[in-house]
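Chains as they are written, first to last, in my numbering: chain A, 28 to 342; chain B, 28 to 342.
To be clear, the hints were calculated from the coordinates, so they are not data collected in a lab. You may find that some hints are simply not true.
Note that the list lumps identical chains together, so a pair holds whenever it fits in one copy or between two copies.
List of simulated lysine to aspartate or glutamate pairs, DMTMM-like, C-alpha gap at most 25 Å [claimed, not checked]: (1) Lys288 - Asp334; (2) Lys139 - Glu59; (3) Lys242 - Glu277; (4) Lys97 - Glu169; (5) Lys161 - Glu198.
There are 2 protein chains.
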Amino acid sequence: MAITKQDISEAHARIAPYIHRTHVLTSDSINEMYGCKFYFKCENFQKIGAFKIRGGMNASLQLASSILEKGLATHSSGNHAQAIALAAKLLGTRAYIVMPDNSPAVKVNAVKGYGAEITFCEPTLQAREDTMEKVIRRTGAEFIHPFNDERIVAGQATAAKELIEEVKDLEVIIAPVGGGGLLSGTSLSAKYFGNNIKVYAGEPEGAADAVLSYKSGKIESAPYIKTIADGLLTTLGDITLGIIRENVSEIFTVTEEEIIKAMRLVYERMKIVIEPSSAVPLAAIIKHADRFKGKRIGVIISGGNVDLSSFRDWF
Amino acid sequence: MAITKQDISEAHARIAPYIHRTHVLTSDSINEMYGCKFYFKCENFQKIGAFKIRGGMNASLQLASSILEKGLATHSSGNHAQAIALAAKLLGTRAYIVMPDNSPAVKVNAVKGYGAEITFCEPTLQAREDTMEKVIRRTGAEFIHPFNDERIVAGQATAAKELIEEVKDLEVIIAPVGGGGLLSGTSLSAKYFGNNIKVYAGEPEGAADAVLSYKSGKIESAPYIKTIADGLLTTLGDITLGIIRENVSEIFTVTEEEIIKAMRLVYERMKIVIEPSSAVPLAAIIKHADRFKGKRIGVIISGGNVDLSSFRDWF
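Isolated chain A (complex conformation) (with noise of 0.2 Å):
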């Protein structure tokens, strides 16, 4: 079943409410930089700090209320936690998170603070998913995946479609790709809603398995994983591969020096808080600036979750 336009319509009024329609920031200087024009889409200072509250918020508003009242459950040590135990809070319903005992205390307890109730497990995957099950066979939950679901994606798209409704003539969209729920999404809102738009992604050198899997059309591996973009070490869905492959015209890899790089820009520059996974976009640009000079680029700032200890690894 294709995401229609429509849904992606839908979806953008039925979410309204609950989330913000958040500011779009130039930056001379970058622009002066790199001889591009830049409209920054400022998820970061989306409700939880990150776009993933679009798709959560779209998915859970479709459960009937009978789905609904036994709660939302998801394993997820990032964003979508906090957008599933949003939703759930704004909802009136109980969010059930799974999430690796290792993770960062700032982040636990942003999942907390929406009320949501957690439960450890150890950090692999199989444990993650045993617990997972557990839990929903005990709470009856609705189990939301953080990408590979037409709700979601048809959610993260509205980011770009509110960049395009107020950046006339843009050329160009990039953002990056994780799971593929923003990039797919991002890439259905350029064809719907823009004008000869071309959707580019950044990934992590150090996590690049959507750059293969976009070649071979399987879901492939990454040949190994080190980066400090940690938003972006899953891989795509069967759902989210199929949308990227068919709209989204290059995946670009950067090293961590040029994620860095990007980062400390956005934050001299730009005097805004992101996340490593959102420089990765506009490392992908600054790399290949000659494709780009005097295009008019859409780069979609994902999220500013971080620990302010870590600018310490970072600057």
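Given chain A, work out where chain B should sit, using these hints.
Only chain B this time, still in chain A's reference frame:
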């Protein structure tokens, strides 16, 4: 000569083509924590990363062309230096900046980046003034004081004017106080454009001169100087002191720990980069939260120019 409502309106019209009308941000979570409604006027997003360009442009734009063509001059290690450097660049003239030779490289480079000529001196006020005098004698450039100048005050007042225009029914505005250009301008805009808005200031305990001057009516020195809020080290001038005594309700002092706590809150919850001076007003409100419960409070975020390597000292 008093600064009138018309002076501020004219300043605003004069500088509008050269400055950003900066965003006003809100934070549900900070509002919930303290039971207030905060509206943050984000001058960290302003050109040069701080409000100072407002005053700098307003003063420069009123110079006769015969004066302007000889250039602009000031001594500053901070944001005013960047403001004068950029004003000169935008108006097609030269800037001559005297900076102490222990200024951080990041600030020197920012001023150089606008094409200003920098003369270094020893880091004492005497050396600054002597060096400045020599530069002015050599060049004939016009000296522009960082705060004790009515054109500067009228320019800085435009930040609060914009905030009042955008956010209806503000009851309180709070700004940081160093030399008092921003605070005195803010208090005038509150009086002229607001509806019974009370204006407060935040000052570091480790640079607590304004609170003393406010009481005595004379320009006092701080009992001791020790603060990370490096934009607030200066004492008031006679012009700013007079306006502040007439129009500001109270000056609150805050400790270094309170500044860092407020700064951390802004980074974590609002996802913006601010300089320590900008955290001082929020720290003051937090300290006296009981007095401000339920109020609609405008907070002037004065700037975001930080050396990212300082993060490791703060967080």
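Against the structure, the hints come out as follows:
1. Lys288 - Asp334: both (18 Å within a copy, 14 Å between copies)
2. Lys139 - Glu59: between (43 Å within a copy, 16 Å between copies)
3. Lys242 - Glu277: within (10 Å within a copy, 65 Å between copies)
4. Lys97 - Glu169: Answer is within; shortest intra-copy Cα gap is 7 Å, inter-copy 72 Å.
5. Lys161 - Glu198: Neither, since 47 Å and 52 Å both go past 25 Å.
Checked against the numbered hints above, the structure breaks only hint 5 and satisfies the rest.
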